[in-house]
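Enquirer: Sequence:
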Amino acid sequence: MGQTLTTPLSLTLTHFSDVQARARNLSVEVRKGRWRTFCSSEWPTLS
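Note that UniProt numbering has the sequence shown beginning at 1, numbered continuously upward.
Since the hints were derived computationally from the structure, they do not count as laboratory data.
Do not take every clue at face value.
Distance windows between CB atoms, simulated [unchecked claim]:
1) Asn-25 <-> Gln-3: 29 to 35 Å
2) Ser-27 <-> Leu-5: 31 to 37 Å
3) Ser-27 <-> Thr-6: 28 to 34 Å
Derived pair list, reagent style SDA-like, types lysine to any residue, alpha-carbon separation capped at 20 Å [unchecked claim]:
4) Lys-32 <-> Thr-14
5) Lys-32 <-> Asp-18
6) Lys-32 <-> Glu-42
7) Lys-32 <-> Ala-21
8) Lys-32 <-> Phe-16
9) Lys-32 <-> His-15
10) Lys-32 <-> Thr-12
11) Lys-32 <-> Thr-7
12) Lys-32 <-> Gln-3
13) Lys-32 <-> Arg-22
14) Lys-32 <-> Trp-43
15) Lys-32 <-> Leu-13
16) Lys-32 <-> Leu-11
17) Lys-32 <-> Ser-10
18) Lys-32 <-> Ser-17
19) Lys-32 <-> Pro-44
20) Lys-32 <-> Thr-45
21) Lys-32 <-> Val-19
22) Lys-32 <-> Pro-8
23) Lys-32 <-> Gln-20
24) Lys-32 <-> Leu-9
Glycine is no exception: its CB is placed at the ideal position from the N, C-alpha and C atoms.
Model the full assembly from the supplied sequences, consistent with the hints where possible.
Expert: Now the structure itself:
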């Protein structure tokens with residue numbers, strides 16, 4: 001009751017600033033739209 005389905009993709013989008021910070025530490029630029037597209041195409045079960 002009142003529970004929502006949580007997926008790995010929704011978790012990374014919710015905490016996207018953490019994802020970006022980790023990517024920056026690895027010298028990688030990550031954008032939210034491209035992240036969503038990449039995750040959906042590479043791992044269809046995550047979305």
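Enquirer: With reference to the structure, classify each hint as holding or not holding.
Expert: Hints versus structure:
Roughly 34 Å separates the CB atoms of Asn-25 and Gln-3, a value that falls within the hinted 29 to 35 Å. Taking 31 to 37 Å as the suggested C-beta distance range, the pair Ser-27 and Leu-5 conforms, at roughly 34 Å. At about 30 Å, the CB distance of Ser-27 to Thr-6 agrees with the hint of 28 to 34 Å. Proximity of Lys-32 to Thr-14 is assessed by CA-CA distance (about 10 Å); at most 20 Å being required, the pair is judged to hold.
For a cut-off of 20 Å, the pair hint linking Lys-32 to Asp-18 stands: about 12 Å separates their Cα positions. At most 20 Å may separate the alpha-carbon atoms for a hinted pair to count; Lys-32 and Glu-42 meet this at roughly 15 Å. Taken as a hint, the Lys-32 and Ala-21 pair is honoured in the structure, with Cα atoms around 13 Å apart against an allowance of 20 Å. Taking the CA atoms of Lys-32 and Phe-16, the gap is near 7 Å; set against the 20 Å cutoff, the hint holds.
For a cut-off of 20 Å, the pair hint linking Lys-32 to His-15 stands: about 11 Å separates their Cα positions. At roughly 10 Å between alpha-carbon atoms, Lys-32 and Thr-12 fall within 20 Å of each other, so this suggested pair holds. Between the alpha carbons of Lys-32 and Thr-7 the distance comes to roughly 16 Å, so the proposed pair stays at or under 20 Å and holds. Using a Cα cut-off of 20 Å, the hinted pair Lys-32 and Gln-3 is violated, with the two alpha carbons roughly 25 Å apart.
Restraint check for Lys-32 and Arg-22: the C-alpha separation of about 14 Å stays at or below 20 Å, so the hint holds. Taking the CA atoms of Lys-32 and Trp-43, the gap is near 16 Å; set against the 20 Å cutoff, the hint holds. Only pairs whose Cα atoms come within 20 Å are accepted, and Lys-32 paired with Leu-13 is accepted, the gap being roughly 7 Å. A threshold of 20 Å between alpha carbons decides the hint, and for Lys-32 with Leu-11 the separation of about 13 Å falls inside it, so the pair holds.
Restraint check for Lys-32 and Ser-10: satisfied, since their Cα atoms lie roughly 11 Å apart, inside the 20 Å limit. The hinted pair formed by Lys-32 and Ser-17 meets the criterion: a straight-line CA distance of about 10 Å does not exceed 20 Å. Restraint check for Lys-32 and Pro-44: the C-alpha separation of about 17 Å stays at or below 20 Å, so the hint holds. Simply put, Lys-32 and Thr-45 have alpha-carbon atoms about 18 Å apart, close enough for the 20 Å limit, and the pair holds.
A hinted pair counts as satisfied when its Cα atoms are at most 20 Å apart, and Lys-32 with Val-19 qualifies at roughly 10 Å. The suggested pairing of Lys-32 with Pro-8 holds, with an alpha-carbon distance near 14 Å, which does not exceed 20 Å. Distance restraint check for Lys-32 and Gln-20: the Cα-Cα separation of roughly 9 Å lies within the 20 Å cut-off, and the hinted pair is therefore satisfied. A threshold of 20 Å between alpha carbons decides the hint, and for Lys-32 with Leu-9 the separation of about 11 Å falls inside it, so the pair holds.
When each numbered hint is compared with the structure, a violation occurs for hint 12 only.
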